[in-house]
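Asker: Chains as they are written, first to last, in full-length UniProt numbering: chain U, 1 to 249; chain S, 1 to 249.
Rather than coming from a laboratory, the hints here were simulated on the basis of the structure. Think of the CB as a built atom: it goes at the ideal place given N, C-alpha and C, for glycine as much as any other residue. Keep in mind that the hints are not guaranteed to be accurate.
[Said to hold, decoys possible] If you want a taste of the chain U side facing chain S, the calculated C-beta under 10 Å gives, among others:
no., residue
1, R24
2, N144
3, H193
[Said to hold, decoys possible] Quick list of the computed label-pair ranges, beta carbon to beta carbon:
no., chain 1, residue 1, chain 2, residue 2, range
4, S, P106, U, D41, 51 to 61 Å
5, U, A104, S, P224, 47 to 57 Å
6, U, S47, S, L215, 29 to 39 Å
7, S, A53, U, D41, 30 to 40 Å
8, U, T208, S, E70, 21 to 31 Å
9, S, F65, U, L198, 19 to 29 Å
10, S, R232, U, E3, 16 to 26 Å
11, U, S47, S, P138, 21 to 31 Å
12, U, R196, S, E121, 37 to 47 Å
13, S, E185, U, E3, 42 to 52 Å
Protein chains: 2
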Amino acid sequence: MSEQAPVIVLVRPQLGENIGKAARAMLNFGLTEMRLVSPRDGWPNPSAGPAAAGADEVLEGAQVFETLAEAVSDCANVYATTVRKRGVTKPVVTPEQAAREIHAAPGRSAYVFGPERSGLETEDVALARAILTVPINPEFASLNLAQAVILCAYEWSKHVPSNAEGNAGLEQPTLEELLPPAPQEELEGLIGHFERLLEDKNYFWPKTRAAANRLTLRNLLTKPGWNHLEVRTLRGVLSTLENARRPRG
Amino acid sequence: MSEQAPVIVLVRPQLGENIGKAARAMLNFGLTEMRLVSPRDGWPNPSAGPAAAGADEVLEGAQVFETLAEAVSDCANVYATTVRKRGVTKPVVTPEQAAREIHAAPGRSAYVFGPERSGLETEDVALARAILTVPINPEFASLNLAQAVILCAYEWSKHVPSNAEGNAGLEQPTLEELLPPAPQEELEGLIGHFERLLEDKNYFWPKTRAAANRLTLRNLLTKPGWNHLEVRTLRGVLSTLENARRPRG
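Next up, chain U with everything else stripped away, as it sits in the complex (with noise of 0.2 Å):
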């Protein structure tokens, strides 16, 4: 048996752009169960659509609800989020520890984010199990409604089982361990040495080839990430080669 996804639960949201937004951040990332509070203009609202940007799906199924219990009544799980506050008497949770939460515990669970302005109020957040807290710069912490639905979305989708197997099994860069890869401008410097050579042995011919033929050369020699002692060898290596072919021509 697979679980339940989320629902996210906007409590009067204002802008309908803000709704399209947040069912297109939604879905980028599997959700698909948007639930409205009383939306400041109604619903449907015609501007929601446009910003979805093809998220469709998710607002044509959004459920309307007066009241946030009523919009909560079947989740066993409950996270409001908020700004950093002090004084909360609720748990709080980051995006990752409340994703991670969510796919350990049975029942259904609910996101619930507030107005645009104002966010959640003391009373919403007192319907909640958890408050949920994205760690952000103290000195400037300005996330947008989409935003925040982004994070959490984001965070939920990463922790799905199926998912979690998947990115392990991306291949990993290998690091240099010892020195650090060669700044981008010593690697320039070899791949235009490189091509400097190649042009003088017509290499890169015929022309209709030219440009792909660079690019694979850019590849090759981006790939390894050589520090900058490799770097400084191949140049070595460069210029003796050239060296060695001017005494003769």
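Based on the hints, put chain S in the right spot on chain U.
Answerer: Leaving out everything else, chain S in the frame of chain U:
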């Protein structure tokens, strides 16, 4: 010595509004260094400021370059963000893997983002050491520029060593292990039951304190995450109190 934060490079961005939104996304997670490669409408762009919602320091410090190679010339670890692709010739990493690598690697790092509509060109990707792809719903991949930036910035911030400690220090909720927390409607029933009884006893008096008292009660009853059996037991307790009162009344 603290590590240098990565730079965010926007290649040929089209709309000033999106540059502003990217700046806002960055600063939320403590990233301040933005570099622009050939912005379509020049720089500065009057549409950027309003969209930055206060992240002016990022825009004011933004540097402009003609080519991506110049923009990342001092960077040892360059990540090119792209949508999921087949046949790539470089390591592909998630935002989380990139964040871990950036914190572990010596040298400056850069996250590179392409133009809004088209994304990075093959020639841009060729400059990078690795490709960064957000694992996304394959049936609806529709991240906008600022959203891609915020997910990378968020993951980078999560893995700042001091933040990692800070998050781990948040109080963790206790999850009922054997039975899930009761659905919200059962909890509402319990809270309503309490309130009905307490109203009869003039608990919510004086009236000026009633709202605050109800809130205190609601917070107190919401906190434990009681399961279905626990809620039923409590309802039984309340019913007993209620019935015992009636014969006397």
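Asker: Are the hints correct? Go through all of them and say.
Answerer: Each hint tested on the structure:
1. Interface hint at U:R24: satisfied, since its Cβ lies 6 Å from the closest Cβ of chain S, which is below the 10 Å cut-off.
2. A least Cβ separation of about 8 Å between U:N144 and chain S falls short of the 10 Å threshold, and the interface hint therefore holds.
3. Because the smallest distance between the Cβ of U:H193 and any Cβ of chain S comes to about 15 Å, over 10 Å, the interface hint for this residue is violated.
4. Our hint of 51 to 61 Å for S:P106 and U:D41 holds, since their Cβ atoms are close to 52 Å apart.
5. A beta carbon spacing of about 18 Å between U:A104 and S:P224 contradicts the range 47 to 57 Å that was offered as a hint.
6. Between U:S47 and S:L215 the Cβ separation comes to about 34 Å, which falls inside the hinted range of 29 to 39 Å.
7. Distance hint check: the CB atoms of S:A53 and U:D41 are about 22 Å apart, inconsistent with the given range 30 to 40 Å.
8. For U:T208 and S:E70, the hinted distance range of 21 to 31 Å is satisfied, since their beta carbons lie about 28 Å from each other.
9. Checked against the hint of 19 to 29 Å, the C-beta distance between S:F65 and U:L198 comes to roughly 27 Å, which is consistent with it.
10. As the Cβ distance of S:R232 to U:E3 is approximately 25 Å, the hint placing it in 16 to 26 Å holds.
11. A C-beta distance of roughly 28 Å is found between U:S47 and S:P138, which places it inside the suggested range of 21 to 31 Å.
12. Under the hint 37 to 47 Å, the C-beta atoms of U:R196 and S:E121, about 24 Å apart, miss the expected range.
13. For the pair S:E185 and U:E3, the beta carbons lie near 20 Å from each other, so the given range of 42 to 52 Å is not met.
Taken one by one, the earlier hints fail for this structure at numbers 3, 5, 7, 12 and 13, listed in ascending order.
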